[in-house]
Amino acid sequence: MKNSDEVMVLKGFIKYYGKRIIWYVITLVVAVFLNFLLPRLMPGDPVKALAIQATQGVTDPSVQQKMIEQYTREFGLDKSMPEQLVIYVGKLFQGDLGVSLGQYPRTVADILGSSVGWSLALQIPALFVGWILGNGLGAVAAYLRKGMDTVVLPIFMFISNIPAFGLAFILIYLFNVKWGIAPSGGGYAFNLIPAFTPEFIGSVLQHYQMPFWTMVLIAIGGQAIGMRSMSIYELNADYVKYSRFLGIKDGKIITYVFRNAMLPQITGLAMSFGTSIGGNLVAEMVYSYPGIGSTMFKAISTRDYPLLSGCTLMITIMVLIANLVVEVLYGVIDPRVKAAQMESE
Amino acid sequence: MLHQLKQAFTNPKFLVGFVLFMLMLLISLIYPLLSAFEPLDMVTTGFTAPGTYVSIADVANSDGIGMNVDASAGRLASVLKDEDREKMKDWMVRFGGVAEGDIDLSDTEALLEKWQATYDPAVPQKGLRNADKQAFVRLDKDIKAATNSDGLILAAKGEDGLEEVKTIAGNTYVRTGDVVSKIVMPLGADNFGADVMTKLTSSIAVSLRIGLLAGVIATLIGLTIGLLSGFLGGWVDNFLTFLTNIFTVIPSFVILILIANAISGTARSPMLVGLIIGLTAWPWTARSVRSQVLSLRNRDHVSLSKLSGHSLPRIILQDILPYVASYVVMALILQISSGILAEAQLSMLGLGPDTTTTVTLGIMMNWAQKFSAVLGGAWWAFVPVVISVAIITFSLNLMNTGLDQVFNPQLRD
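As they're listed, the protein sequences go chains S and L.
Residue numbering for the first sequence follows the working numbering, starting at 163 and increasing by one per position.
Residue numbering for the second sequence follows the working numbering, starting at 10 and increasing by one per position.
Bear in mind the hints are in silico, worked out from the structure with no lab data behind them.
Please note: incorrect hints may appear among the correct ones.
The list that follows gives simulated cross-link-like pairs (lysine-lysine, BS3-like), each with its CA atoms no further than 25 Å apart [unchecked claim]:
| # | chain 1 | residue 1 | chain 2 | residue 2 |
| --- | --- | --- | --- | --- |
| 1 | L | K90 | S | K340 |
| 2 | S | K340 | L | K379 |
| 3 | S | K253 | S | K403 |
| 4 | L | K135 | L | K98 |
| 5 | L | K153 | L | K142 |
| 6 | L | K96 | S | K340 |
| 7 | S | K460 | L | K153 |
| 8 | L | K379 | S | K308 |
| 9 | L | K90 | L | K150 |
For the chain S half of the interface with chain L, some residues (derived, Cβ under 8 Å), not all of them [said to hold, decoys possible]:
| # | residue |
| --- | --- |
| 10 | P325 |
| 11 | G328 |
| 12 | G348 |
Every value quoted in this text rests on a predicted model; they were computed, and no experiment measured them.
C-beta: ideal position from N, C-alpha, C; glycine also.
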């Protein structure tokens with residue numbers, strides 16, 4: 163009997179998440195479509211502009227004409243829009259994102275492959291640490307009030323309103339220019355070649371600190387304020403009053419409160435990834451950290467469309483996956499969501 | 010509504026936020042009017058530290074007053090840094106034949122006496138690079154200039170070479186108020202030599218306008234979609250919710266970049282940038298308005314209006330809107346703040362408004378980055394900008410939290 167129940171639950175799970183995954187795939191399709199369409203809506207002739215840029219100083223008009231033709235062929239712009247879309251999607255399935263214009267002849271996939279790891283290794287740990295510290299601070303603030311509420315929390319609130327790249331400016335100025343205790347930027351020291359040597363790893367860790375703490379500091383305030391109001395809400399709930407009445411120890415009650423207040427904060431985790439990623443990527447650029455942010459900046463400043471559209475697609479996919487992971491996580495943790503999933507069957 | 014407004018002003022958070030915001034707004038409106046420069050005027054060349062600059066020619070020409078204060082001590086202090094003292098000691102020990110124990114670095118007078126007695130650039134200085142030798146010559150010159158109490162002789166070019174105009178004694182002072190040509194740059198000048206304070210205040214005004222436009226557009230779109238979707242239900246709701254959900258998950262940052270990149274640089278006016286930001290920022294507002302409307306849809310007064318055969322626009326305007334108004338105001342405030350941040354992000358990436366005609370907070374930061382103000386130590390070119398952005402968004406968020414507490418009694422402490 164119990165066994166068949168479990169099978170039912172599992173089936174419900176699969177059905178529910180199957181639906182959700184389909185929804186995410188549809189979203190991805192929309193994102194890919196926008197990624198294809200928006201750059202092509204540009205007024206004027208981008209290919210011509212590119213060719214003129216590339217052939218600056220060349221006086222022979224036939225060379226320019228040849229360049230235009232080559233670019234047009236390379237981008238497939240001589241075909242109709244729907245045809246282009248089919249080609250674009252077809253290539254995408256083979257992992258072919260085209261060839262970078264700014265770093266010719268490297269492929270976009272190659273460039274992205276070398277930068278996406280850096281970005282993930284920076285942003286995801288920073289997000290988690292910021293989330294944990296922020297929630298801790300929020301819960302403590304809700305419980306202690308007074309000093310926390312009037313001094314510590316507002317300070318972090320203010321910090322969280324500084325754009326990430328602005329904080330990056332200030333931290334570089336203080337720690338590098340004034341005190342000289344941290345490197346000004348980059349992923350590792352200039353004189354090193356990426357390898358698994360202690361020296362290289364040490365250098366990476368050293369360069370990792372400032373961008374990491376920038377993102378953590380900014381994430382704390384927003385999480386703390388959310389956690390604080392959730393905790394206060396829970397502290398006033400009937401079950402807390404009843405537990406107090408029963409004489410259950412404060413420490414025990416706090417664990418209940420913390421657990422309940424925590425749940426909505428998990429959705430906050432995915433949300434904050436989506437909303438903070440923009441600022442964080444720009445901060446990466448300020449630190450000239452070798453992640454997607456710097457790559458995207460390079461793509462924009464060299465008018466490298468294939469690379470830019472690769473970057474935006476990559477960022478979208480990262481955010482989509484983060485959302486999906488959190489959604490699954492949330493369902494596993496919160497029994498109420500499980501119940502809702504069952505009901506929807 | 011008036012009552013709610015009064016209530017909002019009794020909330021300390023809202024009040025603090027409101028005052029901060031108004032301060033920024035007032036500064037941005039008033040300072041550019043008072044300033045002697047236009048925001049894009051090139052007052053000087055390159056990064057210039059904050060301060061009041063007086064014309065040297067004016068000072069030299071004005072009639073000073075003799076003071077019974079020896080100015081050389083202050084001048085010396087600015088010339089003789091600790092590291093210079095160390096260097097002097099080093100030189101004297103190595104090439105001047107002075108015993109190390111005889112030199113007391115903290116006693117300036119004795120140190121100088123010894124230095125003047127022993128230093129001679131003609132002494133062979135083995136082991137010193139030429140650049141180091143020159144550095145000592147310069148240091149000696151600086152010290153001589155600072156300790157000179159005989160004054161300076163001012164000369165002008167005449168028919169037979171230089172003609173003495175007057176002698177300025179070492180203890181002559183001039184009242185700063187009497188110097189006519191003065192340039193006040195409370196925040197110095199940026200890489201273009203433009204006065205940062207003027208530039209900053211006028212960019213605050215432009216950034217606020219961009220934020221306001223973006224916020225209003227995003228709120229209007231979000232409100233319309235939320236109202237229609239929540240009130241009409243059915244396939245309209247399904248479709249609009251689907252659309253909203255998709256655009257909440259796809260980061261608006263990405264769409265913003267794609268659109269801004271597709272418009273050529275010179276065509277991007279500040280208002281166009283505001284419009285683009287507004288067009289991409291609506292989903293959150295739509296979502297929260299929809300959930301508000303859903304809870305209102307089946308209230309009695311709405312059903313009554315429906316039964317009375319009132320038209321759809323009338324029901325929405327009279328029976329629904331007043332109830333969601335407070336949420337809409339709060340959403341608008343948040344949208345303005347995120348609009349300002351979005352502009353800054355775009356400008357940092359080089360996709361902001363056209364840089365030849367206007368300045369925004371984001372553009373100022375972009376320039377600080379491009380001309381490496383940070384590594385050059387020109388803090389005045391970026392710290393005030395970063396702080397301004399933070400104060401504006403912080404004040405808006407405080408107002409939002411305050412309003413939230415007023416409208417949601419549950420959150421009150």
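Tested hints:
1. Restraint check for K90(L) and K340(S): the C-alpha separation of about 17 Å stays at or below 25 Å, so the hint holds.
2. This hinted pair checks out: K340(S) and K379(L) have alpha carbons roughly 20 Å apart, not beyond 25 Å.
3. For the given pair, K253(S) sits about 61 Å from K403(S) by alpha-carbon distance, which is inconsistent with the 25 Å threshold.
4. For the given pair, K135(L) sits about 16 Å from K98(L) by alpha-carbon distance, which is consistent with the 25 Å threshold.
5. With a C-alpha separation of about 17 Å, the suggested pairing of K153(L) with K142(L) holds against the 25 Å cut-off.
6. The suggested pairing of K96(L) with K340(S) holds, with an alpha-carbon distance near 22 Å, which does not exceed 25 Å.
7. Taken as a hint, the K460(S) and K153(L) pair is broken in the structure, with Cα atoms around 52 Å apart against an allowance of 25 Å.
8. A distance of roughly 44 Å separates the Cα atoms of K379(L) and K308(S); the hinted pair therefore is violated under the 25 Å criterion.
9. For the hint pairing K90(L) with K150(L), the CA-to-CA distance comes to about 15 Å; that is within 25 Å, so the pair holds.
10. Residue-level restraint check for P325(S) holds (minimum Cβ-Cβ distance to chain L is 6 Å; threshold 8 Å).
11. For G328(S), the suggested interface contact is upheld, since its CB lies about 3 Å from the closest CB of chain L, less than 8 Å.
12. At about 12 Å, the closest approach between the beta carbon of G348(S) and any beta carbon in chain L exceeds 8 Å, and the interface hint on this residue is violated.
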